[in-house]
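Residues per chain, in single letters:
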Amino acid sequence: MSIEISNLSKQFGSFVALDHIHLAIKPGELLALLGPSGSGKTTLLRVIAGLETADSGQVLFNNEDSTSKHVRDRQVGFVFQHYALFRNMTIFENVAFGLRVRPKKHRPTSQEIDQRVTHLLKLVQLDWLADRYPHQLSGGQRQRIALARALAVEPKVLLLDEPFGALDAKVRKELRAWLRKLHDDMHITSIFVTHDQEEALEVADRVVVMNQGRIEQIGTPDEVYEKPANPFIYEFLGHVNLFHGRVQRGRAWIDNIEIHAPEHAEADAFEAIAYVRPHEIEVEREINGEPALAARVVHVLSTGRVVKLELVRNNHQNQDTIQVELSKERFRALQLAKGDKVYIRPRRLDFFPDPANQSLLAS
Amino acid sequence: MTTLAQTLSSGRLQSARIAEESAWVRWILIGLALTFLALFLFVPLVAVFHEALKKGWDVYYAAITEPDALAAMRLTLTAAAIAVPLNLIFGIAAAWAIAKFEFRGKNILITLIDLPFSVSPVVAGLIYVLVFGLQGWLGPWLAAHDIQIIFAVPGIVLATIFVTVPFIARELIPLMQAQGTEEEEAAVILGANGWQTLWRVTLPNIKWGLLYGTILCNARAMGEFGAVSVVSGHIRGSTNTLPLHVEILYNEYSFAAAFAVASLLAMLALITLAAKTLVEHRLAKQHQPREINHEH
Numbered sequence: 001m002s003i004e005i006s007n008l009s010k011q012f013g014s015f016v017a018l019d020h021i022h023l024a025i026k027p028g029e030l031l032a033l034l035g036p037s038g039s040g041k042t043t044l045l046r047v048i049a050g051l052e053t054a055d056s057g058q059v060l061f062n063n064e065d066s067t068s069k070h071v072r073d074r075q076v077g078f079v080f081q082h083y084a085l086f087r088n089m090t091i092f093e094n095v096a097f098g099l100r101v102r103p104k105k106h107r108p109t110s111q112e113i114d115q116r117v118t119h120l121l122k123l124v125q126l127d128w129l130a131d132r133y134p135h136q137l138s139g140g141q142r143q144r145i146a147l148a149r150a151l152a153v154e155p156k157v158l159l160l161d162e163p164f165g166a167l168d169a170k171v172r173k174e175l176r177a178w179l180r181k182l183h184d185d186m187h188i189t190s191i192f193v194t195h196d197q198e199e200a201l202e203v204a205d206r207v208v209v210m211n212q213g214r215i216e217q218i219g220t221p222d223e224v225y226e227k228p229a230n231p232f233i234y235e236f237l238g239h240v241n242l243f244h245g246r247v248q249r250g251r252a253w254i255d256n257i258e259i260h261a262p263e264h265a266e267a268d269a270f271e272a273i274a275y276v277r278p279h280e281i282e283v284e285r286e287i288n289g290e291p292a293l294a295a296r297v298v299h300v301l302s303t304g305r306v307v308k309l310e311l312v313r314n315n316h317q318n319q320d321t322i323q324v325e326l327s328k329e330r331f332r333a334l335q336l337a338k339g340d341k342v343y344i345r346p347r348r349l350d351f352f353p354d355p356a357n358q359s360l361l362a363s
Numbered sequence: 364m365t366t367l368a369q370t371l372s373s374g375r376l377q378s379a380r381i382a383e384e385s386a387w388v389r390w391i392l393i394g395l396a397l398t399f400l401a402l403f404l405f406v407p408l409v410a411v412f413h414e415a416l417k418k419g420w421d422v423y424y425a426a427i428t429e430p431d432a433l434a435a436m437r438l439t440l441t442a443a444a445i446a447v448p449l450n451l452i453f454g455i456a457a458a459w460a461i462a463k464f465e466f467r468g469k470n471i472l473i474t475l476i477d478l479p480f481s482v483s484p485v486v487a488g489l490i491y492v493l494v495f496g497l498q499g500w501l502g503p504w505l506a507a508h509d510i511q512i513i514f515a516v517p518g519i520v521l522a523t524i525f526v527t528v529p530f531i532a533r534e535l536i537p538l539m540q541a542q543g544t545e546e547e548e549a550a551v552i553l554g555a556n557g558w559q560t561l562w563r564v565t566l567p568n569i570k571w572g573l574l575y576g577t578i579l580c581n582a583r584a585m586g587e588f589g590a591v592s593v594v595s596g597h598i599r600g601s602t603n604t605l606p607l608h609v610e611i612l613y614n615e616y617s618f619a620a621a622f623a624v625a626s627l628l629a630m631l632a633l634i635t636l637a638a639k640t641l642v643e644h645r646l647a648k649q650h651q652p653r654e655i656n657h658e659h
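Line by line, the protein sequences give chains F and X. Counting along the first sequence from 1, when you hit position 130 you're at 130 in the working numbering, and nothing is skipped either side. All you need for the working numbering is the position in the second sequence, starting with 1, plus 363.
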């Protein structure tokens with residue numbers, strides 16, 4: 001089922017949860033809504049489910065307006081962050097619930113229900129827990145049952161609200177891979193909400209980054225990671241180093257080093273900020289002809305495959321540490337130690353107009 | 364430096380002292396509480412049964428099977444049989460509204476539910492006399508239509524309902540607030556209608572709290588004296604409830620009979636207590652689910 005969201009807005013009092021959202025979801029897609037808390041991602045998911053009503057705008061399921069359709073008629077499956085299993089029912093009855101409450105003429109026979117539930121419990125590999133109660137299960141098991149329960153009614157869309165948020169790191173990783181595999185097998189249009197960028201990038205076909213009720217960027221995990229649309233996304237998607245510089249007509253400067261900035265070929269001079277990921281910085285012991293920034297090693301942290309360096313620039317008013325990641329081999333070749341002097345050169349920089357400076361100009 | 368060393372060496376002792384009072388303080392407190400309970404609760408309870416049976420089983424049996432006593436018993440049971448189910452429905456509705464929805468005037472509703480706790484029952488009775496009595500606001504209209512509320516069974520039922528309003532709602536509100544709305548949302552998404560959600564999800568989740576509130580509500584409905592006394596008119600065999608009957612007998616110096624009827628109420632209290640303890644036990648069990656933290 002395809003989902004199209006057009007011009008959706010929602011306010012809670014004076015707080016704008018959703019601000020004119022447009023979004024098209026393809027059939028069979030696994031989409032992540034990624035954003036910090038308060039960005040409106042959960043509200044968007046609940047509006048799609050029908051648990052909240054939007055102030056304005058539309059939700060179309062297969063090009064059919066579902067805005068006024070009741071939750072129970074939308075044929076969506078919903079998985080809650082805290083599972084929301086029925087505590088007074090056994091695991092079996094939890095999964096069977098959606099079938100048992102059907103009107104008599106659509107209700108499967110109890111034998112069919114039996115088969116279906118058993119099949120689903122096998123699918124989530126927990127058929128041996130059928131007679132237990134939710135409180136007797138671990139968090140990861142409960143979330144898998146919640147998923148089986150949602151799938152029992154054969155939903156056209158699967159919505160997951162921070163499905164792994166309440167689980168510990170190891171279980172979260174396992175379930176993540178498991179969800180991806182399940183989706184590949186079933187091809188049901190799915191949307192999941194998360195604030196964990198790693199989770200979104202790893203699992204989803206496409207990622208929607210949200211902030212303050214707006215969509216900041218939509219793209220594949222690679223696009224979002226490699227080409228963040230703006231500073232917010234850069235800072236939200238993991239560790240980055242920030243440099244201040246100037247951009248003019250396709251060229252950029254950070255102190256003495258000059259870098260090509262073809263995407264700003266037409267730009268008049270502006271103050272800029274630039275982002276570099278830790279693994280996109282080259283480190284040399286000597287200047288090798290190319291311009292580079294002088295820095296000094298203040299901390300070395302070895303974590304298995306990669307070595308993380310913390311550097312501080314020499315003779316510079318900005319004493320923020322610069323994070324660099326090197327492969328173990330490169331680190332050995334350089335033979336670096338705390339206090340050593342090095343030269344660094346960003347391999348790739350993305351420039352954005354400096355918000356601090358802009359606001360100065362605007363005022 | 365010596366102070367530091369001393370502090371360190373006596374650290375264990377200190378923490379033990381902070382954690383609990385010395386033995387004699389404990390024993391004095393326990394002794395006080397037990398003496399108080401014995402004096403004000405246990406001795407009267409024994410006294411009731413002792414006085415009731417003082418003149419033998421025959422007198423006891425006669426006192427509680429006498430027609431007026433039986434009529435009082437019937438009336439008490441009737442009042443409770445009407446008041447408790449009504450408060451059950453109201454309590455669930457009010458608790459549901461307060462716990463699961465946001466609306467204007469929610470705090471006013473909560474305050475109103477508590478009102479019967481803060482108002483003297485006698486005042487509650489008087490309010491009904493003022494509203495429904497012959498000289499009251501609705502009095503002339505009621506008289507014209509030949510409806511009698513005050514000094515009749517309807518007045519007693521109304522007064523009983525008034526004083527027992529808070530019990531079930533008060534018990535359910537925190538319970539339902541703690542449980543949240545997610546299970547209901549899950550049920551609706553899975554296709555359940557409102558009725559199915561109520562019967563299959565909401566009620567099973569609150570059943571022990573509901574039973575607990577009902578037991579307390581019932582005990583109060585049967586034991587209520589003040590409000591009922593004002594609206595009853597004390598007509599023997601007609602508008603006398605058990606507590607009122609006890610008072611009349613006592614005022615007529617029929618002590619043995621008074622205590623015999625009182626012992627019925629005392630027994631009700633004991634049964635209530637036992638049931639309450641049992642339900643409390645189940646409630647505690649429901650709220651401390653065992654966690655099994657292994658992963659498969």
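FYI, nobody ran anything at the bench for these hints, they're computed from the structure. Please note that the accuracy of each hint is not assured.
[Said to hold, decoys possible] Straight-line C-alpha distance at most 30 Å; calculated DSS-like pairs for lysine-lysine: (1) F:LYS69 to X:LYS639; (2) F:LYS181 to F:LYS170; (3) X:LYS463 to X:LYS639; (4) F:LYS69 to X:LYS469; (5) X:LYS570 to F:LYS104; (6) X:LYS463 to F:LYS156.
[Claimed, not checked] Every beta carbon over 10 Å from chain F, so not counted as near; a handful from chain X, in silico: (7) GLY394; (8) TYR423; (9) GLY496; (10) TRP500; (11) ILE552; (12) ALA555; (13) ARG563; (14) VAL564; (15) PRO606.
In this text, all values refer to a predicted model and were calculated from it rather than measured experimentally. Positions of the beta carbon are idealized from the N, C-alpha and C atoms, including for glycine.
Hints, one by one, checked against the model:
no. : hint                 : result
1   : F:LYS69 to X:LYS639  : violated (45 Å)
2   : F:LYS181 to F:LYS170 : holds (17 Å)
3   : X:LYS463 to X:LYS639 : holds (27 Å)
4   : F:LYS69 to X:LYS469  : holds (29 Å)
5   : X:LYS570 to F:LYS104 : holds (27 Å)
6   : X:LYS463 to F:LYS156 : holds (28 Å)
7   : GLY394               : holds (41 Å)
8   : TYR423               : holds (45 Å)
9   : GLY496               : holds (47 Å)
10  : TRP500               : holds (41 Å)
11  : ILE552               : violated (5 Å)
12  : ALA555               : violated (4 Å)
13  : ARG563               : violated (7 Å)
14  : VAL564               : violated (6 Å)
15  : PRO606               : holds (38 Å)
Hint check: violations occur at hints 1, 11, 12, 13 and 14; the rest are consistent with the structure.
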